[in-house]
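The sequence shown begins at 1 in our numbering and counts up one residue at a time.
I should point out that these hints are in silico values taken from the structure, not numbers from a laboratory.
Watch out, some of these pointers could steer you wrong.
As the list claims (entries may be wrong) - No farther apart than 27 Å at their CA atoms in a straight line, the calculated lysine-lysine pairs in the DSS-like style are these:
| no. | residue 1 | residue 2 |
| --- | --- | --- |
| 1 | 127 | 138 |
| 2 | 118 | 21 |
| 3 | 138 | 118 |
| 4 | 142 | 118 |
| 5 | 224 | 207 |
| 6 | 224 | 250 |
| 7 | 21 | 138 |
| 8 | 202 | 21 |
| 9 | 127 | 21 |
| 10 | 142 | 208 |
| 11 | 127 | 142 |
| 12 | 207 | 21 |
Said to hold, decoys possible - Simulated restraints, written as ranges between beta carbons of each label pair:
| no. | residue 1 | residue 2 | range |
| --- | --- | --- | --- |
| 13 | 214 | 149 | 48 to 54 Å |
| 14 | 180 | 239 | 48 to 54 Å |
| 15 | 91 | 9 | 17 to 23 Å |
| 16 | 89 | 137 | 16 to 22 Å |
| 17 | 30 | 91 | 21 to 27 Å |
| 18 | 24 | 202 | 50 to 56 Å |
| 19 | 211 | 243 | 41 to 47 Å |
| 20 | 4 | 247 | 31 to 37 Å |
| 21 | 164 | 197 | 33 to 39 Å |
| 22 | 134 | 161 | 37 to 43 Å |
| 23 | 206 | 247 | 21 to 27 Å |
| 24 | 237 | 139 | 50 to 56 Å |
| 25 | 3 | 133 | 24 to 30 Å |
Beta carbons: idealized from backbone N, C-alpha and C, even for Gly.
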Amino acid sequence: MFNPLQIVVITLLVAVLTWQKYNLQMFMYAVVVFVGLISGLVMGDVQTGLLIGGEMCLMSLGIGGYGGSSVPDYMLGAIAGTVFAIGMGQHGSAALTTALAIGVPVAALGVQLDVVGKMTGSFFIHKAMACSDNQDWKGMGKWVWLSQIPFCLLCALPVLLLMTVGSTYVKGAVTNFPAWLSHGLSVASGMLPALGFAILLKYLPVKKYGYFMLFGFVLAAYLKLGILAIALLGGVFCAFIFQTMEENSKRAAAVATSGGDNEDE
1 MFNPLQIVVI TLLVAVLTWQ KYNLQMFMYA VVVFVGLISG LVMGDVQTGL
51 LIGGEMCLMS LGIGGYGGSS VPDYMLGAIA GTVFAIGMGQ HGSAALTTAL
101 AIGVPVAALG VQLDVVGKMT GSFFIHKAMA CSDNQDWKGM GKWVWLSQIP
151 FCLLCALPVL LLMTVGSTYV KGAVTNFPAW LSHGLSVASG MLPALGFAIL
201 LKYLPVKKYG YFMLFGFVLA AYLKLGILAI ALLGGVFCAF IFQTMEENSK
251 RAAAVATSGG DNEDE
């Protein structure tokens, strides 16, 4: 089902992306789509990888580990779902159903993995703090780096086990899925993106700028523009509004300064 090179590359991909998620955080925007692309490239089907990554990304909208909270890891779920769907030779809606059946539980498992990782990380941080109290800077750096190992292993090992020991069992379970379960997953795949958008809209200033949503709806529904075109137009509006607000702020500051000079005179 998987060749050794694919297993090694996917496992390393999970470990590296997990490390950067807790450290660099340079690849957070649309990272779920990105991992779908890379996983599809490794497995030999980029189109299916993008399809699964895009679906998982919609599910993750509005969900974030704010304040140290633990949330489903849709990045991990997208990788697991993509490799198994493509590994079973599926495409289109069939691949998406398989990916959801495997990826959503794996993403939910990410909550527990995140909690366990943070619990184990406290041991290393206390060691680093002790080194800091003794001004042992090299020792502190060593313990900080060692604290990254549990996070990487906790996410990489499940994927490694699924692709080696459990691949046969996963394939058998997916192949024998009942029709009602497949239909339920298809319905869920249509509902979860809407839920993600609803959560996202809750944190956006919709009351103040809601007319832009109406404008975007008109562009999509009546003018048949694609998402990329609408996003580019949105970027233009954002740049225009930002520049206008900046110019107004400078004018207000200039008026205030000239007014203050007149009063001094």
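Results of checking the hints against the structure:
| no. | hint | result |
| --- | --- | --- |
| 1 | 127 to 138 | 12 Å, holds |
| 2 | 118 to 21 | 13 Å, holds |
| 3 | 138 to 118 | 23 Å, holds |
| 4 | 142 to 118 | 18 Å, holds |
| 5 | 224 to 207 | 26 Å, holds |
| 6 | 224 to 250 | 39 Å, violated |
| 7 | 21 to 138 | 24 Å, holds |
| 8 | 202 to 21 | 25 Å, holds |
| 9 | 127 to 21 | 23 Å, holds |
| 10 | 142 to 208 | 49 Å, violated |
| 11 | 127 to 142 | 10 Å, holds |
| 12 | 207 to 21 | 33 Å, violated |
| 13 | 214 to 149: 48 to 54 Å | 50 Å, holds |
| 14 | 180 to 239: 48 to 54 Å | 49 Å, holds |
| 15 | 91 to 9: 17 to 23 Å | 21 Å, holds |
| 16 | 89 to 137: 16 to 22 Å | 53 Å, violated |
| 17 | 30 to 91: 21 to 27 Å | 23 Å, holds |
| 18 | 24 to 202: 50 to 56 Å | 28 Å, violated |
| 19 | 211 to 243: 41 to 47 Å | 20 Å, violated |
| 20 | 4 to 247: 31 to 37 Å | 60 Å, violated |
| 21 | 164 to 197: 33 to 39 Å | 37 Å, holds |
| 22 | 134 to 161: 37 to 43 Å | 40 Å, holds |
| 23 | 206 to 247: 21 to 27 Å | 26 Å, holds |
| 24 | 237 to 139: 50 to 56 Å | 52 Å, holds |
| 25 | 3 to 133: 24 to 30 Å | 50 Å, violated |
In this structure, the hints that do not hold are numbers 6, 10, 12, 16, 18, 19, 20 and 25, in rising order.
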